[in-house]
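These protein sequence lines are chains P and D, in that order.
Per this note's numbering, residue 652 is the first one in the first sequence, and the count goes up by one each step.
Per this note's numbering, residue 652 is the first one in the second sequence, and the count goes up by one each step.
The set of hints was computed from the structure by calculation and includes no laboratory data.
Treat each hint with caution, since some may be false.
The list treats identical chains as interchangeable, and a pair is accepted whether it falls inside one copy or across any two copies.
As the list claims (entries may be wrong) - Below are the DSBU-like pairs computed for lysine-lysine, each with C-alpha atoms no more than 30 Å apart in a straight line:
no., residue 1, residue 2
1, K744, K772
2, K802, K901
3, K901, K852
4, K839, K802
5, K852, K772
These figures come from a predicted structure and were not determined experimentally.
2 protein chains.
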Amino acid sequence: MASVPLATIAVDAMGGDFAPGAVLEGVASALAADPSLRVLLVGGLEIVEAFATAHERCEAVATTQVIGMGEHSAAAVRGKPDSSIVVGCRLVKEGRADGFFSAGSTGAAMAAATLIIGRIKGVQRPAIATVLPTAGSPCVLVDSGANADCKPEHLAQFATMGAAYARTALGILEPRVGLLNIGEEPTKGSQLAQEAYLLLKAGSPGFVGNVEGRDIPAGTVDVVVTDGFTGNVMLKLMEGMSKHLLAEFKTALMSSPVNKVAAAILKPSLDALRDRLDPDSHGAAPLLGLNGLALIGHGSSGPRAIASALRVGAVAVRAGLVGSIAASLTPEDA
Amino acid sequence: MASVPLATIAVDAMGGDFAPGAVLEGVASALAADPSLRVLLVGGLEIVEAFATAHERCEAVATTQVIGMGEHSAAAVRGKPDSSIVVGCRLVKEGRADGFFSAGSTGAAMAAATLIIGRIKGVQRPAIATVLPTAGSPCVLVDSGANADCKPEHLAQFATMGAAYARTALGILEPRVGLLNIGEEPTKGSQLAQEAYLLLKAGSPGFVGNVEGRDIPAGTVDVVVTDGFTGNVMLKLMEGMSKHLLAEFKTALMSSPVNKVAAAILKPSLDALRDRLDPDSHGAAPLLGLNGLALIGHGSSGPRAIASALRVGAVAVRAGLVGSIAASLTPEDA
Chain P
652 MASVPLATIA VDAMGGDFAP GAVLEGVASA LAADPSLRVL LVGGLEIVEA
702 FATAHERCEA VATTQVIGMG EHSAAAVRGK PDSSIVVGCR LVKEGRADGF
752 FSAGSTGAAM AAATLIIGRI KGVQRPAIAT VLPTAGSPCV LVDSGANADC
802 KPEHLAQFAT MGAAYARTAL GILEPRVGLL NIGEEPTKGS QLAQEAYLLL
852 KAGSPGFVGN VEGRDIPAGT VDVVVTDGFT GNVMLKLMEG MSKHLLAEFK
902 TALMSSPVNK VAAAILKPSL DALRDRLDPD SHGAAPLLGL NGLALIGHGS
952 SGPRAIASAL RVGAVAVRAG LVGSIAASLT PEDA
Chain D
652 MASVPLATIA VDAMGGDFAP GAVLEGVASA LAADPSLRVL LVGGLEIVEA
702 FATAHERCEA VATTQVIGMG EHSAAAVRGK PDSSIVVGCR LVKEGRADGF
752 FSAGSTGAAM AAATLIIGRI KGVQRPAIAT VLPTAGSPCV LVDSGANADC
802 KPEHLAQFAT MGAAYARTAL GILEPRVGLL NIGEEPTKGS QLAQEAYLLL
852 KAGSPGFVGN VEGRDIPAGT VDVVVTDGFT GNVMLKLMEG MSKHLLAEFK
902 TALMSSPVNK VAAAILKPSL DALRDRLDPD SHGAAPLLGL NGLALIGHGS
952 SGPRAIASAL RVGAVAVRAG LVGSIAASLT PEDA
């Protein structure tokens, strides 16, 4: 008997740049690694049936429609009721799955999850929480892209939900919460940041004040709160910088024959570093504030990122993330 | 006779975390490197006089007040008329210097420059332009922190002024201008980004559309336009990431005796890379949109950054940056 509780994740077999191949490979590896994981594989009949037949703890849910990356999210969700994204969210709503994961269109997955799974009572805006690699322990970024325009009270809720995520799913007992700003003083920054500061100061446990861009890689906070515009710019910039700097190092390492020899010696250490900086190592970002678990993956997810996403999903299910977020919201929210 | 025109820069001897030592060292090195550079060294009598006596092409301008890093900018500028920052800006206003540089309080330098040097007719908001290192040619970021809250028409002017800077001071003949956003499509992003897109599309030469965070390190555009909040977060994040990743590499290189040997072989290549990524290598950011040149340096500027700042200042003076920005603004701006 497995010692950990069963977790059932519905997986969008059609989502992501390398679907369905990378998704299937990732699911196979996640199932092998976690004997208490069950997968409902959602997608085209010919894709999901053969795989489910060949793998234990995997059930096929055949769908006939796919939402493409370029489609208008809300329209696609309404117009394609038998798409893998819509059906996957419905499995969560109906209690057949504990969570849903897609590496497909982020906009469509957010729209479907919000519409079908629904928001926790009192949540004004669900937000995406992404775990960033830092010099210290990982840092949860909320919102990393769901809400381009925010009000101060949205940011205050992001702080509460982000802290609940850090506690529940990352095991950080007393998360330090920072507000992303362009100066340390409360009077610095945009109107939004200044007003959010006052709200967080007044009512957010663990709030340590403003943090700046340079504090994030240093890992000075466990949760960083910002609007989805700034958060998304930051997330993509970090990805770009990691990629760019690793490429620059590689060029430096290969710039002469003697360097190449030295580089060969260093390879294992540098590979370990690359893995640590790899955005694939975390794999999935939950949409916080919904009445069920929905996880969004990077469009470029490879098998490793997919497997990692399912691991993140199982942890969130077993830790009771959704219930803990609902419990963390103050009575005035609900 | 020097073949390049004389450039006279007023330098705040009191500004920056390592002032006056780092400033004086940087000025000495800049004067030695550029025989057509003249410096008006502004600061405490005992500091500036001895240095000016000992160095050619350097004149002392003694002041009695200093604006500290923590002071309220506008109040400090009004309350300390004999501070090095206020006097330095006055030297530009009076035509005694072609430009002013300070590594002191960015807020105070901006406030003093805007108040004393004044805006070019039609400029709504002066903006800070910072040159970012990328995988390709450098990229000009406007605004990197002067205006936390912006309107779409401000961003449109930032694009015009940033392109003029890239052309004049960086020698990029036809700068590609991108709008920082969280998706490629015109309908993506915040209200501000969507409205700015339409303005840029309609009237900004060289506009290539939206760019995302990951495009900046890749160097896909020559000028990236955003509000000063997002820009400042981005700038400080890039600094933090470079520092963090270089530290991680160093740890990897030192993790075993055999690695250390390999690292010693690679040292020259890695040092060259570090220099290229070093924010000190550019050294100063001009405040675009003023009726004279004002350059702001990083508070942590060392001698190398100060020398580099004076080089950037001299290039901007000789290239006629201020006139070229004035000429680039459309009649409806003026």
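Against which earlier hints does the structure fall short, listed by number upward?
-> 2 and 3
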